[in-house]
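In order, the protein sequences belong to chains A and B.
Quick note on numbering: the working numbering labels position 69 of the first sequence as 79, and the sequence is numbered without any gaps.
Quick note on numbering: the working numbering labels position 158 of the second sequence as 168, and the sequence is numbered without any gaps.
FYI, nobody ran anything at the bench for these hints, they're computed from the structure.
Even glycine gets a Cβ: it sits at the ideal position worked out from N, Cα and C.
Hints may be right or wrong, so weigh each one.
Away from chain A, derived, C-beta distances all over 12 Å, residues of chain B [what the hints assert, rightly or not]:
1) D54
2) L72
3) R76
4) A77
5) V81
6) Y94
7) R173
8) R178
Here are the computed distance ranges between Cβ atoms for each label pair [to be verified]:
9) A:R223 x B:I221: 43 to 53 Å
10) A:K225 x B:R223: 57 to 67 Å
11) B:S177 x A:P79: 26 to 36 Å
12) B:K218 x A:R223: 49 to 59 Å
What follows is the residue order along each chain.
2 protein chains.
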Amino acid sequence: MAGDSVALVATTTTGPGILHQLTGVIARHQGDIASVEILEGGPDASRTYLEIKLPDGADALLAELRAMPIVQGIEVVQTLQRIYGKRIIIIGGGAQVGQVAIGAISEADRHNIRGELISVDTIPLVGEQTLAEAVRAVARLPRARALVLAGSLMGGDIERAVRDVRSRGLLVVSLNMAGSVPDAADLVVTDPVQAGVMTVMAIADTAKFSIERLKRRVF
Amino acid sequence: MAGDSVALVATTTTGPGILHQLTGVIARHQGDIASVEILEGGPDASRTYLEIKLPDGADALLAELRAMPIVQGIEVVQTLQRIYGKRIIIIGGGAQVGQVAIGAISEADRHNIRGELISVDTIPLVGEQTLAEAVRAVARLPRARALVLAGSLMGGDIERAVRDVRSRGLLVVSLNMAGSVPDAADLVVTDPVQAGVMTVMAIADTAKFSIERLKRRVF
């Protein structure tokens with residue numbers, strides 16, 4: 011199939027330069043690499059996960075990779091996109107992150123049963139700088155589509171971080187809280203369970219819900 | 011500092027072969043790449059996140075990367091490990107995943123305040139094959155340390171997947187449920203909130219709790 015994606019785990023010898031050699035072969039096959047993870051840095055063997063978009067089928071690439079002296083084995087696997095899908099990230103204080111997660115997980119369950127694939131990822135954190143860094147880093151997380159800020163007071167550099175990640179296309183939902191973060195968000199929701207549900211609805215292709223069509227953005 | 015890690019976002023021209031060129035320069039500096047994400051595949055510019063372990067400082071590498079014709083900019087950022095830390099993955103049915111998440115997030119909050127960094131990631135899923143694939147894929151997720159299976163009936167290929175990921179060093183906690191998965195897990199817990207709390211305690215360096223030292227493995 012043209013424009014197909016293949017995911018593989020390559021077991022290789024260890025050391026610097028391995029990825030350079032693998033990517034050289036992939037580039038010769040016009041492969042566009044979407045994601046790479048180095049899974050283990052053991053003493054004798056290294057396992058590398060690669061997600062590659064290819065203009066043609068993967069057979070020729072797989073054969074050439076298997077023939078490389080550094081390669082001990084190539085296993086074709088499902089892409090992480092196929093398994094874990096889109097990600098919602100919830101950041102803030104433990105009590106509120108937990109309640110938003112309850113709503114988001116429950117709603118994601120309903121959509122995943124109908125063929126969607128949505129994961130709900132969370133981290134409880136304290137402190138303006140720590141939170142601002144975590145917000146900015148969401149833009150570097152693979153498959154992240156929406157961010158929920160779940161707390162009681164957030165502003166300052168967290169607000170600037172929210173504006174940064176929104177400008178990169180991320181949807182940001184904020185609980186109704188003290189501080190300037192709600193002013194910077196796409197959507198403000200008072201009930202944390204509803205905030206989780208609405209965020210899933212906003213990114214689910216199986217839902218009839220669009221933030222652009224809402225007549226108000228504070229609930 | 012010797013053995014230091016650097017994380018950077020490289021803005022480059024687009025197309026196959028970019029990663030091959032970047033990794034060539036990194037290999038010449040004896041850099042060991044831990045993680046790569048291709049962040050955007052826009053028409054004119056591509057952003058690549060790279061996490062690199064270096065024997066010496068990063069200055070020489072950064073200067074050489076910045077001088078490459080394909081490179082438009084290099085931004086040094088925090089590593090995802092520094093920001094999101096260890097990951098617990100909760101997989102299963104929505105109602106139970108949500109309750110395990112409540113316990114895990116609340117307990118992670120308490121440890122993160124004391125300097126730990128633990129994220130709690132979840133996906134609600136249905137079906138033996140879907141669940142088995144999601145379990146096996148946890149071994150390909152960066153920074154994943156523990157898996158919680160939250161459901162009422164899991165067995166068959168899910169049990170084999172649990173044994174696979176345990177053999178790769180992942181801690182597996184199961185709710186007390188029907189099916190063969192509890193027999194294959196490191197720890198079986200009946201209350202979902204406690205299952206979340208215990209899993210965080212097991213991977214937190216700030217906790218005095220070790221599964222090896224427990225006198226029973228079913229609670």
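How the hints compare with the structure:
Under the 12 Å C-beta cut-off, the non-interface status given to B:D54 relative to chain A holds; the minimum distance is some 15 Å. At roughly 17 Å from the closest C-beta of chain A, the C-beta of B:L72 stays outside 12 Å, upholding its exclusion from the interface. Distance to chain A confirms B:R76 as a non-interface residue, since its nearest Cβ pair spans about 19 Å, more than 12 Å. Here B:A77 stays apart from chain A, with its beta-carbon at least about 18 Å from theirs, past the 12 Å limit.
No Cβ of chain A approaches the Cβ of B:V81 within 12 Å, the least distance being about 16 Å, so the stated non-interface status holds. For B:Y94, the requirement that its beta carbon stay farther than 12 Å from each beta carbon of chain A is not met, with the minimum near 6 Å. Against chain A, the non-interface label of B:R173 holds: every CB pair exceeds 12 Å, the least being about 17 Å. Not every beta carbon of chain A lies more than 12 Å from that of B:R178, the smallest distance being close to 8 Å; the non-interface claim is violated.
Between A:R223 and B:I221 the beta carbon distance is about 50 Å. The supplied range of 43 to 53 Å therefore holds. At about 58 Å, the beta-carbon gap between A:K225 and B:R223 stays in the expected band of 57 to 67 Å. Between B:S177 and A:P79 the CB atoms are about 28 Å apart, so this pair conforms to the stated range of 26 to 36 Å. A beta carbon spacing of about 52 Å between B:K218 and A:R223 agrees with the range 49 to 59 Å that was offered as a hint.
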